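Participant: Below, each chain spelled out in residue letters.
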Amino acid sequence: GDSVTQMEGPVTLSEEAFLTINCTYTATGYPSLFWYVQYPGEGLQLLLKATKADDKGSNKGFEATYRKETTSFHLEKGSVQVSDSAVYFCALDIIQGAQKLVFGQGTRLTINP
Amino acid sequence: DTEVTQTPKHLVMGMTNKKSLKCEQHMGHRAMYWYKQKAKKPPELMFVYSYEKLSINESVPSRFSPECPNSSLLNLHLHALQPEDSALYLCASSQVQQQIQETQYFGPGTRLLVL
Chain H
1 GDSVTQMEGP VTLSEEAFLT INCTYTATGY PSLFWYVQYP GEGLQLLLKA
51 TKADDKGSNK GFEATYRKET TSFHLEKGSV QVSDSAVYFC ALDIIQGAQK
101 LVFGQGTRLT INP
Chain W
1 DTEVTQTPKH LVMGMTNKKS LKCEQHMGHR AMYWYKQKAK KPPELMFVYS
51 YEKLSINESV PSRFSPECPN SSLLNLHLHA LQPEDSALYL CASSQVQQQI
101 QETQYFGPGT RLLVL
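Residue numbers (the numbering used here), protein chains in the order written: chain H, 1 to 113; chain W, 1 to 115.
Keep in mind that the hints were calculated from the coordinates and are not lab data.
Values in this document were obtained by computation on a predicted structure and should not be read as measured data.
Warning: the hint list may mix true and false statements.
[Said to hold, decoys possible] List time: in silico DSS-like cross-link candidates among lysine-lysine, alpha-carbon distance up to 25 Å:
| # | chain 1 | residue 1 | chain 2 | residue 2 |
| --- | --- | --- | --- | --- |
| 1 | W | 53 | W | 19 |
| 2 | W | 18 | H | 49 |
| 3 | W | 41 | H | 49 |
| 4 | W | 41 | H | 100 |
| 5 | H | 77 | W | 41 |
| 6 | H | 100 | W | 18 |
| 7 | H | 68 | W | 22 |
| 8 | W | 18 | W | 38 |
| 9 | W | 53 | W | 41 |
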């Protein structure tokens with residue numbers, strides 16, 4: 001079945017470091033891919049998305065490129081801030097009569113000043 | 001406006017209580033979703049409503065009863081819950097387009113504790 005695999009956390013970085021969170025997927029068909037972020041005590045917020053191969057999603061300095069050949073959607077940011085500390089979920093969607101989101105396990109990111 | 005609101009923010013209930021969670025959106029979305037999220041886990045889909053009709057039930061126990069009274073509102077009625085049902089319950093909404101993937105927008109969640 002369709003699935004998403006994220007790199008295991010937690011990830012701890014210093015402020016201004018470069019961030020990569022790996023995400024790979026298995027899917028039949030051509031899903032859209034998403035990164036959601038969850039700050040402590042809150043719901044999920046859409047960070048970025050890509051709907052087809054080679055699309056690049058970007059928002060707030062974060063980027064991810066939909067790579068069909070490697071079935072990947074890695075999240076990157078050039079210089080992280082303390083405020084980026086959160087849990088990041090990679091997800092794909094499938095249409096089974098209605099849209100279903102399939103999430104990865106989440107990666108907890110902590111940025112130290 | 002991309003806001004989904006949920007009430008209450010926190011809820012504590014006993015195993016014999018009946019309570020309801022509420023979700024509201026005014027984005028004109030015709031698909032609405034309930035998710036359950038346990039600590040340090042991803043959200044798990046429970047129900048999907050499309051055009052106010054239940055389209056997906058992910059084999060959720062009958063002690064959870066969803067209701068979609070109109071296109072803006074989604075309720076989750078709770079009865080005879082178990083302590084293991086304690087979790088964050090998230091509501092989401094999206095447009096409905098066949099074969100075109102639409103973004104789901106999430107509410108802040110209701111944190112439920114069952115004693």
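Participant: Now tell me if each hint is right for this structure.
Facilitator: Against the structure, the hints:
1. Straight-line distance between C-alpha atoms of residue 53(W) and residue 19(W) comes to about 22 Å, which keeps the hinted pair within the 25 Å bound.
2. The straight-line distance between the Cα atoms of residue 18(W) and residue 49(H) is roughly 38 Å, outside the 25 Å bound, and the hint therefore fails.
3. Restraint check for residue 41(W) and residue 49(H): the C-alpha separation of about 21 Å stays at or below 25 Å, so the hint holds.
4. For the given pair, residue 41(W) sits about 17 Å from residue 100(H) by alpha-carbon distance, which is consistent with the 25 Å threshold.
5. Between residue 77(H) and residue 41(W) the CA atoms are separated by roughly 24 Å; this keeps the pair inside 25 Å, and the hint holds.
6. Pair hint residue 100(H) plus residue 18(W) does not hold up; C-alpha atoms about 28 Å apart against a cutoff of 25 Å.
7. Proposed proximity of residue 68(H) and residue 22(W) is contradicted: the alpha carbons are some 39 Å apart, above 25 Å.
8. Under the criterion of a C-alpha separation no larger than 25 Å, the hint pairing residue 18(W) with residue 38(W) is consistent with the structure, at around 21 Å.
9. Restraint check for residue 53(W) and residue 41(W): the C-alpha separation of about 28 Å exceeds 25 Å, so the hint is violated.
Against the hints set out earlier in the document, violations occur for numbers 2, 6, 7, 9.
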